[in-house]
Amino acid sequence: MSFYTNNYLIQRWSRIALPLAITLALLGTAEADGNDSIKSLKAIGEKVAQVVSQNRDACVALVDGFGSGSGVIVSETGLVLTAGHVIENTNLRSFEIVLSSGRRVKAKPLGYNLNNDLGMAQILEPGPWPHAKINQDSDLNRGDWVVSVGHSGGWELGRDAPVRTGRFLKMENSQLVTDAVLIGGDSGGPLFNLDGEVVGIHSSIGDSVSENRHIPIELFIADWQRLEDGEQWGMLANLGRSEQRRPLIGVTVDLTADECIVTSVYRNSPAQIAGIRRGDIITQFNNSPIATGQQLIDAIRKQTAGKSYPISVRRGGRTLVFEITPQ
Amino acid sequence: MKFKISLKLVLCLGLLFGSLAGPLESSQAQISRDLRNIFQSMLDDLDDDLRLKFEEALETDSSVIKLTREQFRRFRQSPINPFDGLKSAAVNQSGTIIALKFELPDIRNRPIHPLERQNSGLLASLRPAVKNAAKSSVVVYSDNRSVAMGTIFREDGYILTKASELDDTETIRCKLFNSIEKRASLVEINKDHDLAILKIDAKGLIPAKWANQSASIGNFLLTPDPFGNVLALGTFSVPTRSTAVGQQAFLGVQPETTPDGVRVSAIQPGTASALAGLQDGDIITKLNQIVINDASTLVKAIRDRAPGDKIEITFSRNGATQTTTATLAAREYSGEQAARFKMMNRLGAVPSQRYDNFPSVFQHDAPLFPEECGGPITNLDGDVVGINIARLGRAASYAIPASTIQSLISKYEIAPELRQLKVQARQ
Chain A
610 MSFYTNNYLI QRWSRIALPL AITLALLGTA EADGNDSIKS LKAIGEKVAQ VVSQNRDACV
670 ALVDGFGSGS GVIVSETGLV LTAGHVIENT NLRSFEIVLS SGRRVKAKPL GYNLNNDLGM
730 AQILEPGPWP HAKINQDSDL NRGDWVVSVG HSGGWELGRD APVRTGRFLK MENSQLVTDA
790 VLIGGDSGGP LFNLDGEVVG IHSSIGDSVS ENRHIPIELF IADWQRLEDG EQWGMLANLG
850 RSEQRRPLIG VTVDLTADEC IVTSVYRNSP AQIAGIRRGD IITQFNNSPI ATGQQLIDAI
910 RKQTAGKSYP ISVRRGGRTL VFEITPQ
Chain B
7 MKFKISLKLV LCLGLLFGSL AGPLESSQAQ ISRDLRNIFQ SMLDDLDDDL RLKFEEALET
67 DSSVIKLTRE QFRRFRQSPI NPFDGLKSAA VNQSGTIIAL KFELPDIRNR PIHPLERQNS
127 GLLASLRPAV KNAAKSSVVV YSDNRSVAMG TIFREDGYIL TKASELDDTE TIRCKLFNSI
187 EKRASLVEIN KDHDLAILKI DAKGLIPAKW ANQSASIGNF LLTPDPFGNV LALGTFSVPT
247 RSTAVGQQAF LGVQPETTPD GVRVSAIQPG TASALAGLQD GDIITKLNQI VINDASTLVK
307 AIRDRAPGDK IEITFSRNGA TQTTTATLAA REYSGEQAAR FKMMNRLGAV PSQRYDNFPS
367 VFQHDAPLFP EECGGPITNL DGDVVGINIA RLGRAASYAI PASTIQSLIS KYEIAPELRQ
427 LKVQARQ
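Going down the list, the protein sequences come from chains A and B.
In terms of the working numbering, the first sequence opens at residue 610 and continues consecutively.
In terms of the working numbering, the second sequence opens at residue 7 and continues consecutively.
Mixed in with the good hints there might be a few duds.
In silico BS3-like links for lysine-lysine, alpha-carbon gap of 27 Å or less [stated by the list, open to error]:
1) B:LYS141 x B:LYS205
2) A:LYS651 x B:LYS141
3) B:LYS59 x B:LYS72
4) A:LYS656 x B:LYS316
5) B:LYS188 x B:LYS205
6) A:LYS717 x A:LYS742
7) B:LYS316 x B:LYS348
8) A:LYS648 x B:LYS215
9) B:LYS292 x B:LYS316
10) B:LYS141 x A:LYS648
11) B:LYS137 x A:LYS651
12) A:LYS648 x B:LYS137
13) B:LYS141 x B:LYS181
14) B:LYS137 x B:LYS107
15) A:LYS715 x A:LYS742
16) B:LYS316 x A:LYS651
17) B:LYS107 x B:LYS59
18) B:LYS72 x B:LYS197
19) B:LYS205 x B:LYS181
20) A:LYS717 x A:LYS651
21) A:LYS779 x A:LYS742
Just so you know, these hints were derived from the structure itself, not from any lab.
This one's a predicted model, so the numbers in the text were calculated from it and none came from an experiment.
Please model the entire structure based on the sequences and the hints provided.
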């Protein structure tokens, strides 16, 4: 699957190998002596304070009257990076950006790429806007300290976006995994390196406090023009549980029913593209009969993402056959 | 954009892939303390029918909950639905009852990646910083369970701890840095701050050395146990504020700092600001006699009051200065959003039984467990910057700043015996 084996990832990993060895060696000696360790942590703390004071005004909340997400301004003209799922869920009519000063400005969504959870928005009032630098060199190494800013739990009057720290632990499903803890409302907020450059955008979390996932800034750089042009594409993946991404068709089914009833179809999913609708009863997949929702899940899990299969559904009195390409 | 869609997917899949075909569980697993807390915290947000099921489980000490298909459907749709704790789902022979078995991942003993901030090597290397502060820390036992930590604030045995973790029907004991255990008596409880003052029979203890300066953004903070270990490393996240949502006064404006004062907007009909006649674009210059130069002064001036209080607002509109009187309201959150947040908060964390409504706390991100609250939290110099008062959940812990603590205990600056003598002398 191209998701794992694209050039970007291979290059990234080979770059990581050597610096990692050096970092570990340095940490080993530093942590052997308590005073050195305290001293170096103090120095890191000073950098964290600097990162936050430099970038506080660029860290924003996106609010639409129903909920809120986070974002970061990255250009003088008011381009805002956020997560794709934040933009996709935004109420387009009354969408505002709240700055650290409390000022609210109108903004419009630009593009999103839900495959990688990338999103971009544009502040509609004239700048120049305070903005954060983005990391162009992809030089974040495992074990590096990172600073996380975002509006945890939603934007709150009288509270600046909480600051958290952690370290870059690993790459997984082409996302950065850190132990800088995130929670709902943080989505779209920036992850900084200690030089104060944006290295990632908050995306999702897992069961453990060390499973916090951020979209690497390189993925934004790769799709920058399309996002800025307002192009909207892709579908959200299962970013969590598994190391290996299972093929998905983008429907939910009723697991308690005696038939395989489609209860919802995700926007832009393979199922929607194939023509499947809510309420359809799936009867066959890849020429094997499907009697329950569980059977469908099992059948799809065995297949390969990117290959096409026939799928039969009952709709009203008719049976329809579609071609579907799980992702 | 309420919360993370991706998270929703992750959580949903946990259920989709759960086995629905197995036989009904016959043995009823006992309920752990953490799961018990989770069930209890869910009760308020479930409908009557489902609440009954969870109350029944709590009463019979069972982690298996049996639902009809209809109840199951409703439970799945509930925002409080704890998918993270769902271990398995089994259907009975006739297919009418679904048994859900809950089990929490072992977050207390989870393996820690060597690169993580909480790795044992780094925490051990920070021990020298807390050498002294650790001696001001105690472990508080209610019967034989360790329920909290405590902070010694007088050499003659006065200790602060987290009140809501104590059970007043049980015997309280404190374990000191030298592993000596002492019976403690309860002197006083301050419900607002969730602090209790304990007294043990001792002399020559080492009271907390309060930091002269409050902690700030970028400071790393350490939570020691009495034996000199660093339990957790955290970062200062949010400066001191009130989290007393229910009692928090609310004007209902969106403030913005300008050179002339604070411009307000987003005034919604029915809120205190609208009822007082404020309009979008008005610039507030004074609240009662307090001069308002920036948004944070305005927020603080309002926070310092209670719902129902009347305040006089001086503002300018189109260049003309006017005054009006507003009656402050209480702030409210929508139920579903709060419920969903509660659910996420438990991912990888066990929240304290009481984690909100504090008049004065700063926020940090050290991953504490509920029984690790009540003790001192220090800066890297080992000075005590506050007392950990709650684990809010996954991404936040709260501590009461040293300055607040010092004013709360100021009346204990003189030993009670001496105070007693003074009173007698006056008589």
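Verification of the hints:
no.	hint	verdict
1	B:LYS141 x B:LYS205	holds, 16 Å
2	A:LYS651 x B:LYS141	holds, 23 Å
3	B:LYS59 x B:LYS72	holds, 8 Å
4	A:LYS656 x B:LYS316	violated, 44 Å
5	B:LYS188 x B:LYS205	holds, 10 Å
6	A:LYS717 x A:LYS742	holds, 21 Å
7	B:LYS316 x B:LYS348	violated, 33 Å
8	A:LYS648 x B:LYS215	holds, 21 Å
9	B:LYS292 x B:LYS316	holds, 14 Å
10	B:LYS141 x A:LYS648	holds, 22 Å
11	B:LYS137 x A:LYS651	holds, 17 Å
12	A:LYS648 x B:LYS137	holds, 16 Å
13	B:LYS141 x B:LYS181	holds, 11 Å
14	B:LYS137 x B:LYS107	violated, 45 Å
15	A:LYS715 x A:LYS742	holds, 23 Å
16	B:LYS316 x A:LYS651	violated, 46 Å
17	B:LYS107 x B:LYS59	holds, 13 Å
18	B:LYS72 x B:LYS197	violated, 38 Å
19	B:LYS205 x B:LYS181	holds, 13 Å
20	A:LYS717 x A:LYS651	violated, 41 Å
21	A:LYS779 x A:LYS742	holds, 23 Å
Hints 4, 7, 14, 16, 18, 20, counting from the list given before, are not met by this structure.
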